[in-house]
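Undergrad: Sequence:
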Amino acid sequence: MSGRLAWRWLRAAPLVSALTLAFVLAAASSLAHAQSTPRVVDIPTRPGVTQRFLFIAPAAPKAVAILYAGGHGGLQLDPQGSFGWGANNFLVRSRMLFVNDGVAVAVIDAPSDRQAPPYLDGFRFTPEHAADARAVIAWLRGQLHVPVWLVGTSRGTQSVAAIAIALAKDDASHDAGPDGIVLTSTILRENRGGDPVTGMNLAALKIPVLVVHNKDDACKVCPVAETDTLMQKLTQAPRTKLTLVSGGASRGDPCGAFAYHGFNGIESDVVHGITAWMLAP
1 MSGRLAWRWL RAAPLVSALT LAFVLAAASS LAHAQSTPRV VDIPTRPGVT
51 QRFLFIAPAA PKAVAILYAG GHGGLQLDPQ GSFGWGANNF LVRSRMLFVN
101 DGVAVAVIDA PSDRQAPPYL DGFRFTPEHA ADARAVIAWL RGQLHVPVWL
151 VGTSRGTQSV AAIAIALAKD DASHDAGPDG IVLTSTILRE NRGGDPVTGM
201 NLAALKIPVL VVHNKDDACK VCPVAETDTL MQKLTQAPRT KLTLVSGGAS
251 RGDPCGAFAY HGFNGIESDV VHGITAWMLA P
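Going by UniProt numbering, the sequence shown opens with residue 1, and the numbers climb by one from there.
Worth double-checking, as some hints may not be accurate.
Quick list of in silico lysine-lysine cross-link-like pairs, DSS-like style, CA-CA up to 27 angstroms [claimed, not checked]:
(1) Lys-233 - Lys-215
(2) Lys-206 - Lys-233
(3) Lys-241 - Lys-220
(4) Lys-62 - Lys-241
(5) Lys-233 - Lys-220
(6) Lys-215 - Lys-169
(7) Lys-241 - Lys-206
(8) Lys-62 - Lys-220
(9) Lys-215 - Lys-241
(10) Lys-169 - Lys-241
(11) Lys-220 - Lys-169
Cβ-Cβ distance ranges computed for the label pairs, FRET-style [to be verified]:
(12) Pro-79 - Leu-244: 20 to 28 angstroms
(13) Ala-204 - Ser-82: 34 to 42 angstroms
(14) Leu-244 - Gly-81: 31 to 39 angstroms
(15) Ala-276 - Asp-42: 14 to 22 angstroms
(16) Ala-87 - Asp-216: 37 to 45 angstroms
(17) Arg-141 - Ser-246: 30 to 38 angstroms
(18) Asp-113 - Met-231: 20 to 28 angstroms
In case anyone wonders, no lab produced these hints; they're calculated from the structure.
No experiment lies behind these values; they were computed from the predicted model shown.
For each residue, glycine too, the CB sits at the ideal point set by N, CA and C.
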């Protein structure tokens, strides 16, 4: 190689190196994105019943979160992964934040025998709801071999707490229930029948429990002042934490998705806090 050619090669080397690095990073990003392609899954749960959920997993998941929306919970998820209802729900709209933090998600719809009003209303406390969750937990453990968490928001917290309590009671082998639960914007009072989360047998929970609440939540069934009562009832949980957040914006129904109740404007901070606590050693 002549001196002039060598000089040109040396001058170009940093550019070649930079281009190579950019290519590698782009390829890695593309691979991660491909691994996170949403997939609609239907699994059998009870006789003649299937449970549908939207499944998204990063390339190397560290845990998986089963997400329970609030309201009536009937997401009307179609085979292509579109939501007929609930797309704006805090957990539903924030699902990719979990994935980006290394946590796979299963966004739960109502089961096949509850695909019409009232959907999950009046069903969240039933043995059938717990049986559906048991099947989803088993499927996810078989697929990913990582810890499985239940995460609920608003009326989804009633599902999460009721399921965890039911599976703890029935779980002699300690592998049917979740490894931990997260309650966000917890139902602390009830005006539709059934129990608020504070009315359940929370002492039966022997798994980690994280509670996240907005200090400014104005939803009448989620008064922040009663979160202390909730924490005091978690007497057997090996690890608990109450996280009170603030900020964001509020519009519309104070119990709605874009109120403080739905962590509007602070979704990223809230989810990062949840995943950091879930994945802590």
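Undergrad: Would you mind marking each hint as holding or not holding in the structure?
TA: Here is what the structure says about each hint:
no., hint, in the structure
1, Lys-233 - Lys-215, "holds, 20 angstroms"
2, Lys-206 - Lys-233, "holds, 12 angstroms"
3, Lys-241 - Lys-220, "holds, 23 angstroms"
4, Lys-62 - Lys-241, "holds, 21 angstroms"
5, Lys-233 - Lys-220, "holds, 21 angstroms"
6, Lys-215 - Lys-169, "violated, 33 angstroms"
7, Lys-241 - Lys-206, "holds, 14 angstroms"
8, Lys-62 - Lys-220, "violated, 36 angstroms"
9, Lys-215 - Lys-241, "holds, 15 angstroms"
10, Lys-169 - Lys-241, "holds, 23 angstroms"
11, Lys-220 - Lys-169, "violated, 31 angstroms"
12, Pro-79 - Leu-244: 20 to 28 angstroms, "violated, 40 angstroms"
13, Ala-204 - Ser-82: 34 to 42 angstroms, "holds, 37 angstroms"
14, Leu-244 - Gly-81: 31 to 39 angstroms, "holds, 34 angstroms"
15, Ala-276 - Asp-42: 14 to 22 angstroms, "violated, 32 angstroms"
16, Ala-87 - Asp-216: 37 to 45 angstroms, "violated, 24 angstroms"
17, Arg-141 - Ser-246: 30 to 38 angstroms, "holds, 36 angstroms"
18, Asp-113 - Met-231: 20 to 28 angstroms, "violated, 35 angstroms"
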